[in-house]
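Visitor: Sequence:
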Amino acid sequence: MSDPETLRNYLKLVAKGGRTVTYRDTARALKLEPPNTIHRVAEMLETLLEDDVAAGRPLIASLVVSRQRNNMPAPGFFAKLHDLGVYEGPETGDMARQYHQQQLQLAIDYWGQE
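In my numbering, the protein residues as written are 1 to 114.
Think of the hints as simulated: they come from the structure by calculation, not from any bench.
Even glycine gets a Cβ: it sits at the ideal position worked out from N, Cα and C.
Do not rely on the hints blindly, as some may be mistaken.
To be verified - Computed beta-carbon distance windows for the label pairs:
| hint | residue 1 | residue 2 | range |
| --- | --- | --- | --- |
| 1 | Gln98 | Glu33 | 30 to 40 Å |
| 2 | Asp94 | Lys31 | 33 to 43 Å |
| 3 | Gly76 | Gln105 | 19 to 29 Å |
To be verified - Lysine to aspartate or glutamate pairs mimicking EDC-like chemistry, simulated, CA-CA at most 20 Å apart:
| hint | residue 1 | residue 2 |
| --- | --- | --- |
| 4 | Lys16 | Glu114 |
| 5 | Lys31 | Glu50 |
| 6 | Lys31 | Asp3 |
| 7 | Lys16 | Asp109 |
| 8 | Lys31 | Glu46 |
| 9 | Lys12 | Asp25 |
| 10 | Lys31 | Glu91 |
| 11 | Lys31 | Asp94 |
| 12 | Lys31 | Glu5 |
| 13 | Lys12 | Glu43 |
| 14 | Lys12 | Asp109 |
| 15 | Lys12 | Glu46 |
| 16 | Lys12 | Glu114 |
| 17 | Lys16 | Glu5 |
Kindly produce the complete structure, drawing on both the sequences and the hints.
Guide: Below, the structure is given as structure tokens:
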């Protein structure tokens, strides 16, 4: 069983590599067992979003993307940020892509140095 801090530590390693990782590969890296592995990753990512927004840190959760969404986070990423009051745009399209790319670069720059 993994927790959000285990996920954060894993994502710090991903950030050091200057890359993204898929939800599926994240679940595998955390050795999550079915059922609902992707859902459990998503729940932990939401916790990380809450923590990072509250602390004013770059969003480490932006490192996790979906291949089916053209290397963008799932809609829940944007919905959670909307709920937290830090993103007011759509969950798809150019605005979402630009926002994600900005957050991704900030996260790599910040968390890759940790």
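Visitor: Okay, which hints does this one fail, numbers in order?
Guide: 5, 10 and 11
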